[in-house]
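Participant: Residues per chain are reported as follows:
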Amino acid sequence: MLRFLLISSCVVLSLTACSLKTTEGLRQLESTKAVVVNPYFSNPEIDYVYKAKIEAYGRNFGGILIIKKMEENHHRIVMTTELGNKLLDLQFKNGVFTKNFVVEELDRKMILKVLKADFRLLLMEKSLVLNAYDSETQRVYQTQKHNRYNFYFVSKESDMLEQIRNTSKVKEKVVVDFYSETGKEADSIFIKHKNIKLHIDLKKFKDE
Amino acid sequence: MLMRNTILLLAFLFTSSFLIAQETPMSASEISVFKEKVSAVAGKTETIKSDFVQYKHLDFLTSDVKTSGKMMFKAPDLVRWEYTDPYQYSVVFNENQLLINDGGTKSKVDIGNSKLFRKLNELIVNSVKGDMFNNSDFDVEFFKTSDFDKAVFTPKDAKIAAYIASFELLFNKDDGHVIAVKMIEPSNDFTRIVFSNRILNQPIDASVFTH
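Protein sequence lines correspond, in order, to chains A and B. In terms of the working numbering, the first sequence opens at residue 1 and continues consecutively. In terms of the working numbering, the second sequence opens at residue 209 and continues consecutively.
No lab work stands behind these hints, which were simulated from the structure alone. For every residue, glycine included, the Cβ atom is placed at its ideal position computed from N, Cα and C. Mixed in with the good hints there might be a few duds.
[Stated by the list, open to error] Quick partial rundown of chain A residues pointing at chain B, CB under 10 Å, derived from the structure:
no., residue
1, I46
2, V49
3, R59
4, F61
5, G62
6, I66
7, K68
8, E72
9, R76
10, T80
11, L90
12, K93
13, K99
14, N100
15, F101
16, V103
[To be verified] Computed footprint of chain A on chain B; a stretch qualifies when at least three of its residues, placed anywhere within it, have a C-beta under 8 Å from a C-beta of chain A:
no., region
17, 231-245
18, 271-284
19, 293-306
20, 387-398
[Unchecked claim] From the derived model, a few chain B residues whose C-beta atoms are all more than 12 Å from chain A:
no., residue
21, T313
22, K314
23, N334
24, V360
25, P363
26, N380
27, D383
28, P411
Could you build the full structure based on these sequences and the hints that come with them?
Facilitator: This is how it looks when you write it as C-alpha cells:
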C-alpha cells in the first residue's frame, strides 16, 4: 500500500511538473501548417533600428540596437551607446554565432550566452512546427530548438505574430512581446526573462 | 558620343583633382597660427549652447542612424548632451560621474575607476572646446581646405586605439570654433556629430548639469 502511494504520488508529481503553463487552456489542433514565420527582421532592405532600454538586476542601461539581414540566414547585430560608441558587434551566419567586437565590460561568458540566446530567438525567421494549439483569439505554434521549445502566438484576426514564449520541457524561460502596426516591422518589442532579472525594451526609431 | 564621353571624362578628372586638391597638410607656421587661434577661442569660452545632429555610420547599413538634440558646455569641464529626436535622453558628464536620464529613467554611472572612460570623457570635453592639442595621448596631424581646418588625432595608447582609430575635429576657418567631430573606429565605422546654432558665453544655470 505504502509502495503504491509512493509510486502514485511520484506519478502525480511528475505529471504536474510536465504540464507547461504555456499551453494551459489551449486546444491542440490535429493538422497545422508546417512552418511558422517571424517576419520582423526578415527584409534585407530595411535597417532595423531600435532604442533599447535594459534593466538587469536593478540596474539600467540604454543604447541603440541595430539589426540588418545581410542575406538568407545571415544577420548583423550592433549595439551602441546613445553617444555612438559601439558596445557589441555580433553576427549569426548559417547558425554560427560570431562576435566581431564586444567592449571589455560586456565581454563575459554569461552575458554573451544570454545575448546569443535572445538574439537567436528574436531573429530566427522560419521554424518547423511541432504542434499547434488554438485559443479564442490566437493560434499557437510550438517549435523545438535543441532542448528548448518556442511557442509562437499569432493573432487569428490580424495574422500577426504577437508573442514568442521560450520554454524548457517544464518551465517558461523567456517571453517576447511584439507590437506592430503593419505586421511587417515591430514597433516595439519587450523581452522578459523569467529565470534571471533581465528586461529588454526595444522601441523602433520612427521612419523619416 | 565620343564628344560626350570626352566631356564627361574631363568633368570627372576636373572634379576628382579638385576633390583631391581640397585637403592639404598645414605647414609648420600654419599649424602654430592655427593652434594659437583655437586656444585663444577656447580660453575665452565660458559656456556653449549648440544644436547637434549625430550620424552613426555602419558600413553594412543603407543609411546612417541619425539622432539629434542640444549640447551644453560650461567651463572647465561640464558637458550635457541632450537628445530630443527620435527619443528623449540626456547624459551629463559631471566630474567622475555620468548622470543619465533615459526617457525618465534616471541612473548614475561611476567612471572614477575607469581610466579608459576618463580618457574618453576628457576627449569629449576637450573636443567641444577644440583645445586638445597638448594632449600627450595622441599624435596630431593638421590639414586645411578652402572651407575649414581639420585636426586628426591618433591615439598612442593601445587600449584607446582598440576603441578609436582616430578622432577628427573640423574647425570653422574664420572663428576657430569646432563645427564637427568625427570618431572613427578600428572597423572604419564612425560617429559624426555636426554642430549648428552655436551660442557662446550666455549664462547656463548650474542645475542643467545635475540630474
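Participant: Each of the hints needs a verdict: does it hold here or not?
Facilitator: Hint check results:
Hint status for I46 (chain A): holds, given a least beta-carbon distance of 8 Å to chain B, under 10 Å. For the restraint placing V49 (chain A) at the interface with chain B, the shortest Cβ-Cβ distance is roughly 5 Å, inside the 10 Å limit, so the hint holds. Interface hint at R59 (chain A): satisfied, since its Cβ lies 7 Å from the closest Cβ of chain B, which is below the 10 Å cut-off. Hint on F61 (chain A) holds. Least Cβ distance to chain B is approximately 8 Å, under the 10 Å limit.
Hint status for G62 (chain A): holds, given a least beta-carbon distance of 4 Å to chain B, under 10 Å. Because the closest C-beta pair between I66 (chain A) and chain B is about 6 Å apart, less than 10 Å, the hint holds. Taking 10 Å as the C-beta cut-off, the interface hint given for K68 (chain A) holds, the closest approach to chain B being about 5 Å. The closest approach between the C-beta of E72 (chain A) and any C-beta of chain B is roughly 15 Å, which is over the 10 Å cut-off, so the hint fails.
The closest approach between the C-beta of R76 (chain A) and any C-beta of chain B is roughly 5 Å, which is under the 10 Å cut-off, so the hint is satisfied. A cut of 10 Å between beta carbons decides the hint on T80 (chain A): the least distance to chain B is about 6 Å, and the hint holds. For L90 (chain A), the suggested interface contact is broken, since its CB lies about 12 Å from the closest CB of chain B, more than 10 Å. Because the smallest distance between the Cβ of K93 (chain A) and any Cβ of chain B comes to about 13 Å, over 10 Å, the interface hint for this residue is violated.
Against a cut-off of 10 Å between C-beta atoms, the interface hint on K99 (chain A) is violated, since the closest Cβ of chain B lies about 13 Å away. For N100 (chain A), the suggested interface contact is upheld, since its CB lies about 7 Å from the closest CB of chain B, less than 10 Å. Residue-level restraint check for F101 (chain A) holds (minimum Cβ-Cβ distance to chain B is 7 Å; threshold 10 Å). The beta carbon of V103 (chain A) is positioned within 10 Å of a beta carbon in chain B (closest approach about 8 Å), and the interface hint is therefore held.
Against chain A, the region 231-245 of chain B contributes 0 residues with a C-beta closer than 8 Å to a partner C-beta. That does not satisfy the three-residue criterion, and the hint is violated. Under a criterion of three residues with beta carbons nearer than 8 Å to beta carbons of chain A, the stated coverage of the region 271-284 of chain B is upheld, 4 such residues being counted. Coverage of the region 293-306 of chain B by chain A holds in this model, with 4 residues showing a Cβ closer than 8 Å to a Cβ of that chain against a need of three. For the region 387-398 of chain B, the proposed coverage by chain A is satisfied: 4 residues have a C-beta within less than 8 Å of a C-beta in that chain, meeting the threshold of three.
With a least beta-carbon separation of about 5 Å from chain A, T313 (chain B) fails to lie farther than 12 Å from that chain, contradicting its non-interface assignment. The beta carbon of K314 (chain B) sits about 8 Å from the closest Cβ of chain A, which is not more than 12 Å, so the claim that it is off the interface is violated. The beta carbon of N334 (chain B) sits about 15 Å from the closest Cβ of chain A, which is more than 12 Å, so the claim that it is off the interface holds. Once the 12 Å rule is applied to beta carbons, V360 (chain B) is consistent with being away from chain A; the minimum gap is 18 Å.
Its beta-carbon lying about 14 Å from the closest one in chain A, P363 (chain B) satisfies the requirement of being farther than 12 Å from that chain. At the 12 Å boundary, the C-beta of N380 (chain B) stays outside the reach of chain A, the nearest C-beta of that chain being 22 Å off. No beta-carbon of chain A is positioned within 12 Å of the beta-carbon of D383 (chain B); the least distance is around 26 Å. The Cβ of P411 (chain B) sits about 26 Å from the closest Cβ of chain A, beyond the 12 Å cut-off, so the non-interface label holds.
Hints 8, 11, 12, 13, 17, 21, 22 from the earlier list are contradicted by this structure; the remaining hints agree with it.
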